[in-house]
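So in UniProt numbering, spot 70 of the sequence shown is number 70, and the numbers just go up one at a time.
Derived by calculation from the structure, the hints in this document are not laboratory data. The beta carbon of each residue, even a glycine, is placed where N, CA and C say it ideally should be. Some clues are possibly wrong.
Ranges of calculated distance between the beta carbons of each label pair, as one might list FRET restraints [stated by the list, open to error]:
{"#": "1", "residue 1": "His72", "residue 2": "Ser232", "range": "44 to 52 Å"}
{"#": "2", "residue 1": "Asn140", "residue 2": "Asn198", "range": "21 to 29 Å"}
{"#": "3", "residue 1": "Ala234", "residue 2": "Leu130", "range": "34 to 42 Å"}
BS3-like mimics (lysine-lysine), calculated; alpha carbons at most 30 Å apart, straight line [claimed, not checked]:
{"#": "4", "residue 1": "Lys123", "residue 2": "Lys80"}
{"#": "5", "residue 1": "Lys64", "residue 2": "Lys20"}
{"#": "6", "residue 1": "Lys90", "residue 2": "Lys124"}
{"#": "7", "residue 1": "Lys229", "residue 2": "Lys64"}
{"#": "8", "residue 1": "Lys236", "residue 2": "Lys182"}
{"#": "9", "residue 1": "Lys236", "residue 2": "Lys185"}
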Amino acid sequence: MSSPILTIKDGVKITDSGMKIMDYLNLEINQGDFITILGGNGAGKSTLFNSISGNLHLTSGEIKINDTLITHMSEEKRAKYIGRVFQDPKMGTAPRMTVSENLLIASLRGQKRGFSLRKLGNKKELFYELCQTIGNGLENHLDTPAGNLSGGQRQALSLIMSTLQKPTLLLLDEHTAALDPKTAKQLMTLTSQIIEDNDLTCLMITHRMEDALRYGNRLIVLEQGKIIKDFSKAEKEKLTMPNVLSFF
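Make a model of the complete structure from these sequences and hints.
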């Protein structure tokens, strides 16, 4: 059996004020897992994501991606393994750069960059075809600054950017929460399609319980910095909304 994509062993995070926001958390994520995460305010969802991405460093414990120990690795160095889409549509894209320019930067993720011609024109046809598959008109805005897009278009752009160079692990940080219900549903359909088509490994925090039940092959419930439930696909399929609500 192959090694897990990501392993957190006895992860502890204590703030400067002495509050324990991750409490000996253990987690293994395997290739192809699509794990949805639920938890109330203060459950530790953001702490988990920030610890994986390197925005926070564990007080104790260890984190591995494949067989590489990344516990003390910088956020910048971890970026070659991790794609992330945030809750706020304003994050994840450069607002003054065009859609094409944002996609060009994303296409170079994990590569060494030097001074060279951008050769943006050579990739515009590819970017047009890529955006056309989304179905929200983004392909007609390749020369539009990202800051001028609608929230749904900007989140779709962030999702494409995060998956353009297939990441080892995709983190979706309540990426539909700021959108209206119709746009959120469209983005989740796109998200599921991209994950399936590219065989991505994904962790998704969501506040929409119906999405937590519908998508993914595992469901994790966090409480006070601990995983209190880790449902397999078979267990998850038996859950109902009242079952899930009982954890809150």
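**Ascending list of hint numbers which this structure does not respect** = 1
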